[in-house]
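Colleague: Here the protein sequences line up with chains A and B, keeping their order. Position 169 of the first sequence, counted from 1, bears residue number 169 in the numbering used here, the numbering being contiguous throughout. Position 30 of the second sequence, counted from 1, bears residue number 246 in the numbering used here, the numbering being contiguous throughout.
By construction, these hints were calculated from the structure, which means they are not laboratory data. Watch out, some of these pointers could steer you wrong.
Selected chain A positions facing chain B (in silico; Cβ < 8 Å) [claimed, not checked]:
id, residue
1, A18
2, D26
3, R77
4, D83
If the Cβ cut is set under 10 Å, some of the chain A residues that face chain B in the computed set are [said to hold, decoys possible]:
id, residue
5, Y13
6, F19
7, A21
8, H23
9, Q29
10, G33
11, V52
12, L80
13, P127
14, G129
15, P131
16, L138
17, V177
18, Y191
Positions of the beta carbon are idealized from the N, C-alpha and C atoms, including for glycine.
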Amino acid sequence: MRYVVTPFVDDTYPDNVAFLAIHLSDGYQTGFGNVRRNSYYPGTMTIPQAVVDAGVSYYVGYPGNPPAQWSSMVDPRLALPTDLTVEILPRRLNETQWEFTADVCMEPTGTARSMGVNLAWTVDDYPTGYPYTYRETLRGGYGPEVVDLNPGECVQVYATFTFSAVELDRWPSVEIVAWAQTPASGWGEAYQAATMTMGLFDNGFESGDLSGWDLP
Amino acid sequence: MERSRTHVGVALLALAVIAAAAGDVVAADRTVLMEYFNATW
Chain A
1 MRYVVTPFVD
11 DTYPDNVAFL
21 AIHLSDGYQT
31 GFGNVRRNSY
41 YPGTMTIPQA
51 VVDAGVSYYV
61 GYPGNPPAQW
71 SSMVDPRLAL
81 PTDLTVEILP
91 RRLNETQWEF
101 TADVCMEPTG
111 TARSMGVNLA
121 WTVDDYPTGY
131 PYTYRETLRG
141 GYGPEVVDLN
151 PGECVQVYAT
161 FTFSAVELDR
171 WPSVEIVAWA
181 QTPASGWGEA
191 YQAATMTMGL
201 FDNGFESGDL
211 SGWDLP
Chain B
217 MERSRTHVGV
227 ALLALAVIAA
237 AAGDVVAADR
247 TVLMEYFNAT
257 W
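All chains, full assembly: derive it from the sequences and hints.
Modeller: Structure, rendered in structure tokens:
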């Protein structure tokens with residue numbers, strides 16, 4: 001089975017690349033993903049296309065391309081300092097709905113500005129039935145919610161996501177992604193991002209089902 | 217009195233150095249966003 005890009009991303013950047021595979025025009029597109037596409041490319045665009053940090057760099061990257069093609073976009077960004085932190089806080093509402101909070105904070109030495117905060121979620125091994133294994137496929141999202149942030153301050157952006165059988169059947173692989181970027185959609189700059197795996201909540205604790213737990 | 221004022225000045229200088237060190241915030245670790253537009257094939 002062949003994979004699309006993500007094994008390299010996982011192996012090389014396990015903790016510091018937030019990856020969204022945004023499907024277009026193949027039946028697996030989403031409203032949120034289409035808005036992202038249209039903001040970058042109001043007309044047509046080449047598929048595939050990798051856009052890093054909301055447009056700081058981009059690359060027509062095909063599966064199997066040399067890793068350097070990707071790392072040359074990521075490494076320079078990782079080397080730059082940022083004045084923001086983003087943390088994702090989850091809250092289970094019911095069997096299918098969760099509320100997520102993006103807690104965006106600016107360090108005391110930061111530069112006051114407006115920014116657009118987004119939250120989205122992805123799922124692995126979806127869609128299936130193709131020669132490739134599709135991972136971290138975008139399923140939906142919220143934003144950008146434009147907020148003003150001053151040095152030393154934090155702001156919270158809330159999003160409620162409703163998961164379907166697609167997510168519930170692949171629960172440990174569901175990932176939440178949040179990021180802060182230039183307020184306007186389209187070509188700009190992402191300042192900071194964060195991810196959280198829902199595999200953290202795969203033990204029944206949140207639903208009160210402790211049957212799978214090993215008690216001492 | 218003069219000696220006392222010198223001590224105060226040294227103390228203030230020390231506090232300023234400590235404050236400057238505390239204000240030297242380590243930059244937050246960055247996570248990079250990668251949006252990969254693709255389709256099934």
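Colleague: A separate judgement is required for each hint: does it hold in the structure or not?
Modeller: For each hint, the structure was consulted:
{"no.": "1", "hint": "A18", "in the structure": "5 Å, holds"}
{"no.": "2", "hint": "D26", "in the structure": "4 Å, holds"}
{"no.": "3", "hint": "R77", "in the structure": "5 Å, holds"}
{"no.": "4", "hint": "D83", "in the structure": "7 Å, holds"}
{"no.": "5", "hint": "Y13", "in the structure": "7 Å, holds"}
{"no.": "6", "hint": "F19", "in the structure": "5 Å, holds"}
{"no.": "7", "hint": "A21", "in the structure": "5 Å, holds"}
{"no.": "8", "hint": "H23", "in the structure": "6 Å, holds"}
{"no.": "9", "hint": "Q29", "in the structure": "8 Å, holds"}
{"no.": "10", "hint": "G33", "in the structure": "8 Å, holds"}
{"no.": "11", "hint": "V52", "in the structure": "5 Å, holds"}
{"no.": "12", "hint": "L80", "in the structure": "7 Å, holds"}
{"no.": "13", "hint": "P127", "in the structure": "6 Å, holds"}
{"no.": "14", "hint": "G129", "in the structure": "9 Å, holds"}
{"no.": "15", "hint": "P131", "in the structure": "8 Å, holds"}
{"no.": "16", "hint": "L138", "in the structure": "8 Å, holds"}
{"no.": "17", "hint": "V177", "in the structure": "8 Å, holds"}
{"no.": "18", "hint": "Y191", "in the structure": "8 Å, holds"}
This entry satisfies every hint, going by the numbered hints stated previously.
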